[in-house]
Amino acid sequence: NAGVTQTPKFRILKIGQSMTLQCTQDMNHNYMYWYRQDPGMGLKLIYYSVGAGITDKGEVPNGYNVSRSTTEDFPLRLELAAPSQTSVYFCASRSGTGKEAFFGQGTRLTVV
Amino acid sequence: AQSVTQPDIHITVSEGASLELRCNYSYGATPYLFWYVQSPGQGLQLLLKYFSGDTLVQGIKGFEAEFKRSQSSFNLRKPSVHWSDAAEYFCAVGGVSGTYKYIFGTGTRLKVLA
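If you read the sequences in order, they're chains A and B.
When we follow the numbering used here, the leftmost residue of the first sequence carries the number 1389, and every step to the right adds one.
When we follow the numbering used here, the leftmost residue of the second sequence carries the number 13, and every step to the right adds one.
Okay, chain A solo, but in the shape it has when bound:
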C-alpha cells in the first residue's frame, strides 16, 4: 500500500531554473494539498485541490503553480526558482468522508 508518493526526494536547483514536484496517491482521495515546511515555521499551505480540475490557493502560493488533471496526481510547478523556495515540500491527501490528512515523505529542495 503506497499511500502518498512524492518524487524526487532531494533536488538542487539553480536560481531561475524550473521544476515539477510530483505527487501521486492511490487511495482515491478527493482532496490533495501541498505544504512547505521551514524550520520553526511549521507547515504552510501552498495550494490545495478538492477534486480533479479544481485547485485553489493557500497561504503562500506565490512562485508556484499546480494542476489536477486526475484524481491521483497533483504536481507542483516552480517556474523561476528563487533561494526563498529552499524548503521541504510535503504533499498530502484526504478522502471526502475522512477527516485526517495522509502525508508523503517529502521533497527537500535547495535553490542555489
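No lab work stands behind these hints, which were simulated from the structure alone.
We put the CB at the ideal spot given by N, CA and C, even for glycine.
It is possible that part of the hints are untrue.
Short derived list, chain B residues pointing at chain A, Cβ under 8 Å [to be verified]: (1) 21; (2) 44; (3) 46; (4) 51; (5) 55; (6) 56; (7) 58; (8) 61; (9) 87; (10) 89; (11) 99; (12) 114; (13) 117.
Using the hints, position chain B against chain A.
Just chain B now, with coordinates in the frame of chain A:
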C-alpha cells in the same frame, strides 16, 4: 483568524519520564484536532485525532490527548517516554467540512535523554 499555538519549541525529558506537549487553538467552531509526529527525514504520521465525543482520545505509540473546550487546548501526553519518541510533534486543526484546509502549529521538538 484561525491559528494553532505550540508554546514550546524544544522540550527535553529523560527516558521513562512523563511528557506533556501543549497546543492551543483559535477556531470559529468546534474544530477537528490532530497530533502528528515527524521523525528526522520523514513525513508526518498521524498520532491521534479528535472530532467529537469523549474528550480524552487515545492514539498510537501510547500517546493520548485531552480536548478542553474552555481552555481551547488539546495537549498531548505520554506517561513514560521512550528514546524512540524523539521527534518533532505538530498539532493541527481543520479538515472541517466546508473549509477543507488544515492549520498547523510551529512544532515542538522532543529530545529524550538516556
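Query raised in the report: Is the shortest C-beta separation between residue 56 (chain B) and chain A less than 8 Å?
Result: holds (4 Å)
Requested in this report: Using Cβ atoms only, decide whether residue 51 (chain B) comes closer than 8 Å to chain A, and label the hint accordingly.
Outcome: violated (11 Å)
Query raised in the report: Do the numbers back the hint for residue 117 (chain B), that is, is its least Cβ distance to chain A under 8 Å?
Result: holds (6 Å)
Query raised in the report: Was the hint right that residue 44 (chain B) lines chain A, CB cutoff 8 Å?
Result: holds (5 Å)
Query - Restraint satisfaction for residue 21 (chain B) [CB to CB of chain A, less than 8 Å] - result: holds (7 Å)
Query raised in the report: Against chain A, with CB atoms and a cut of 8 Å, does the hint on residue 114 (chain B) hold up?
Result: With Cβ-Cβ at 6 Å, under 8 Å, it holds.
Report task. Tell me if residue 61 (chain B) is really an interface residue toward chain A, meaning its C-beta lies closer than 8 Å to one of theirs. Result -> holds (5 Å)
**Report entry** Restraint outcome when residue 99 (chain B) is required to lie within 8 Å of chain A by C-beta distance
**Finding:** violated (14 Å)
Query raised in the report: Does residue 46 (chain B) pass the interface hint, meaning its C-beta sits closer than 8 Å to a C-beta of chain A?
Result: Because about 6 Å separates residue 46 (chain B) from the closest Cβ in chain A, which is inside the 8 Å limit, the hint holds.
Report task. Against chain A, run the beta carbon of residue 58 (chain B) and see if the smallest gap drops under 8 Å. Result -> holds (5 Å)
Requested in this report: Classify the hint on residue 89 (chain B) as holds or violated, based on whether any CB of chain A lies nearer than 8 Å to its CB.
Outcome: Check failed: Cβ of residue 89 (chain B) comes no nearer than 20 Å to chain A, outside 8 Å.
Query raised in the report: Are residue 55 (chain B) and chain A close enough, Cβ to Cβ, to be under 8 Å, as the hint says?
Result: holds (4 Å)
Checked against the numbered hints given earlier, the structure breaks hints 4, 9, 10 and 11 and satisfies all the rest.
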